[in-house]
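Protein chains in written order, with the numbering used here: chain A, 1 to 545; chain B, 546 to 1090.
The set of hints was computed from the structure by calculation and includes no laboratory data. One thing to keep in mind: the hints can contain errors.
[To be verified] Label pairs and their computed distance ranges (CB to CB):
| hint | chain 1 | residue 1 | chain 2 | residue 2 | range |
| --- | --- | --- | --- | --- | --- |
| 1 | A | G395 | B | A1000 | 48 to 56 Å |
| 2 | B | S1014 | A | D368 | 41 to 49 Å |
| 3 | A | N314 | B | S605 | 34 to 42 Å |
| 4 | A | N314 | B | H885 | 32 to 40 Å |
[Said to hold, decoys possible] Which chain A residues face chain B? A few, computed with CB under 7 Å, are given here:
| hint | residue |
| --- | --- |
| 5 | P116 |
| 6 | Y118 |
| 7 | K285 |
| 8 | D353 |
Built from N, CA and C at the ideal position, the CB exists for glycine as well.
One-letter residues, chain by chain:
Number of protein chains: 2
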Amino acid sequence: MKITIAQLDYHIGNFEGNTAKMITAIKNAKEAGSDIICFSELSTCGYPPRDFLEFEDFLSLSDNCLQLLCSHAKDIAIVVGAPSHNKDPKGKNLFNSAYFLADGEVKFVQHKTLLPTYDVFDEYRYFEPAKSWEIVTYKDKKIALTVCEDIWDVGTDDPLYTIIPLDKMQKYSPDFIINISASPFNYGHAKTRIDTVRANVNRYGIPMFYINHCGAQTELLFDGGSIVMSANGVLYDELPYFEECIRHFQLSEVIKGEKNNEQPKVKIALIHDALIMGVKDYFRKLGFTKAILGLSGGIDSAVTAVLAARALGNENVRVLLMPSQFSTGHSVDDAMALVHKLGLKHDIIPIKDMYDSFITKLSPVFSDAPFNVTEENIQARIRGILNMALSNKFGNILLNTTNKSEMAVGYGTLYGDLCGGLSVIGDVYKTEVYELARYINKDEEIIPLNSIIKAPSAELRPDQKDSDSLPEYEILDPILYQYVEKRQGPQDIIDMGYDPTLVRRILRLVNINEFKRHQTSPVLRVSPKAFGMGRRMPIVGKYLN
Amino acid sequence: MKITIAQLDYHIGNFEGNTAKMITAIKNAKEAGSDIICFSELSTCGYPPRDFLEFEDFLSLSDNCLQLLCSHAKDIAIVVGAPSHNKDPKGKNLFNSAYFLADGEVKFVQHKTLLPTYDVFDEYRYFEPAKSWEIVTYKDKKIALTVCEDIWDVGTDDPLYTIIPLDKMQKYSPDFIINISASPFNYGHAKTRIDTVRANVNRYGIPMFYINHCGAQTELLFDGGSIVMSANGVLYDELPYFEECIRHFQLSEVIKGEKNNEQPKVKIALIHDALIMGVKDYFRKLGFTKAILGLSGGIDSAVTAVLAARALGNENVRVLLMPSQFSTGHSVDDAMALVHKLGLKHDIIPIKDMYDSFITKLSPVFSDAPFNVTEENIQARIRGILNMALSNKFGNILLNTTNKSEMAVGYGTLYGDLCGGLSVIGDVYKTEVYELARYINKDEEIIPLNSIIKAPSAELRPDQKDSDSLPEYEILDPILYQYVEKRQGPQDIIDMGYDPTLVRRILRLVNINEFKRHQTSPVLRVSPKAFGMGRRMPIVGKYLN
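Throw the hints in and build the complete structure from the sequences for me.
Structure, rendered in structure tokens:
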């Protein structure tokens, strides 16, 4: 038996595009003589469809797509993910289902049992868990069909659920497992995924074909990395990360388990590649080609510009240099060095005239109030207007250049430097931004060295440094990591050896700036806990603040 | 037996404040000779605590609060909602629990069974459903304890869940039901709530005490309206909406069911009162007293200003008039009429100079590109900067004045008129804003009549009218309602008699503007489907666009 894994990039709600892509893959698989082709979770409608699932119209378009796929399920079986209706009036109205199509019709459907409802996942919002578990027999092989999370509660001391669906299917003695997934990337996830597949293979003693979605859905990055694992726990194959791939496997060879094809997993390289895919897919799926961003001469905008250029092409990235009277000389020089290196289209618009016109008009209202954060914010917001003016006039999407450390403590101006359609490095701590810059420069100096070595500054008042307001990032970032990623409380973090006053100050800053994060752009998610849809905090709260 | 309902306004994470408030209520109840006092769902930590529930530190503060309440549970029993740990390693780590405290200790705990996970609710994100159902006996009365949603699956043809917890408790023949809730307001919800309580009372033939939270938690408005219903289905008492209230009830009187005290439920009056509570509580809980907003002379900012003044006091609302060369003469006149009527602090800052300085600086970049939405947006964004400058300088929170119709179709400038810490009327369609204005003017002309009768305009280009870009609101709003609130597809709406081209155009506008709504402020929720946390849509989708 030959099995094809189609690791594809679907587009939410683009039924026509998704179907066409699947039909092309089916033809490819037929030509290769495959018996079964497998797509990923909810591939008809794209994952995650979110509240579109509440629209009957949307669901019927998915049903149409399934029907069309049935007509292609001749001389080949198709495993495809789609929502299905729960016919029992009790419970949620939908299931998240794996369909097995063969002989021109739906031969079998297995619903998903374990519905992830944490972090970025909302599946119990829409779906009822499966209440029954069967397997499907095709060409004398007994196949256990599972959907994503269904395999994730094996081998843990603190299971999230009370049922293990594959345990329920064991009585039928399946020959192998197919898991169709939409499992989003974070920098540690590919390893965990392999460990999880292995825990299942070890428990049941049969091979597994694990098909993941690849491509970006706004903030969620799906890295692919589909897995074929032999019954002996050998990683027979791992499909590439961040790109579409169709591969065919002889089951008899997989059973032998004599090949091991694992890819390297280097954190910064993965983040780099993930962000490029995230930018590329965001633009492509929205139908845009060109980006704009403000280039300050600092490291954050330099790294963002390089990532954007690698995603969209140098010719499609336009930058705006907007020096003020508080900008140091090297700001423009450092920015221009990158402009020349990449050959970016650029404009220089000093903001002083606009700043002065605001200050003149506001002075009767402000009377003698001293210069403070208000005037700093005005500068940042003038830059926001200019960036957006070019975005609007030329149809470029503005990329936000804020890093995760700033995002966490609110070191940024709402409607100013926090503007943008997409935050590229908003899930990358400042210390990791330095790592990214060094990774980008590993073969040659692309990002000007001076942007990397100079002290970070917002340059919104004379001689300003980030370290005037914040601790050094080498101290700040680990504290943020413990609070944001690890959900440690103040005392836990203090017990790790950090200064109590500093810890309380930082945690307070994180919490009182929830209102800013509520209004910022989607953030490409590369860590296990990004700001955005996976971290839901009260704005009006009184905890640690 | 005497039972006290304490309908209180809790503050998320403010354990000290919440505990102090409950202890005061307990003293009050003891003085009234009560046997039991009931607080609402998750009252120790405030509802909804959201991802604070993932912090052990946060949970231990709730446990401390419970311990302190135990020490007050002498000569009185206390029913209080709090998170509790699930000791079974399987499943989620927490329950959403109703505690029964008596004789200085925890006498009984019943966990919540039905965990709302739809619209604004995320409870299965955190909680495991109850697996067992018992009742508590106190002073010879058998009491069935339930938490909010637990009673909501009775009397529906399409139940969301597969279990009815009160059915499970029936074998113990309880004497009455206590339900502790945190059930947020929408303009139709108070009636539904009474119907639901009645469906339960009818099914089980015993009285119910239903205790709701009151007060605002950012976008979520809890209206109180706690219910005491006799076994015969008579609404013995309904506590006031939008205010704290403590009332004591003789069980023997409730059982007689001879009193009926239902409050009037007039949609616009409810919305009016809800929005005022929402503004008031947002400021109070954040520790702010003063608001600022841009006053354009149009109806949206006028209604917002009146609501803000009623919430915060006229002296705490400051307005900014920012005419441009495209503003009509009546804009400033109409705005000033309201300023004088309410005695608001105001400033007039024409934006022409700032606009000209932007255009001058941008003209080399724009060269001969014609005036378009870019220049309109620059005006709106200059106003955004000015509003935020006063907000920053004087510590006022900027109120957003966008209505739901505009929010839906993206008729507003991101980082411009969409700025603000809180959207006051973002869940009120334009046609409902007119109703609100007429309601505000019911006794005297507060909002200038001209603001109400003139044609709506953004005044961002010469002679502009909303109707240049949009259909009349009398046509737009019902179409939006069908799509947003009722989740009808395009064909369903066309079948209601609307123009197919118009319907498709409007639905497309709603979908392509998801990116704007992603970056706007929280919206006070008054409808069954508001933009914000209760409506989760892909940004990069390809459905109906």
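Here's how the hints hold up against the structure:
no., hint, result
1, G395/A - A1000/B: 48 to 56 Å, "31 Å, violated"
2, S1014/B - D368/A: 41 to 49 Å, "44 Å, holds"
3, N314/A - S605/B: 34 to 42 Å, "53 Å, violated"
4, N314/A - H885/B: 32 to 40 Å, "58 Å, violated"
5, P116, "10 Å, violated"
6, Y118, "6 Å, holds"
7, K285, "5 Å, holds"
8, D353, "5 Å, holds"
In summary, the numbered hints that this structure violates are 1, 3, 4 and 5.
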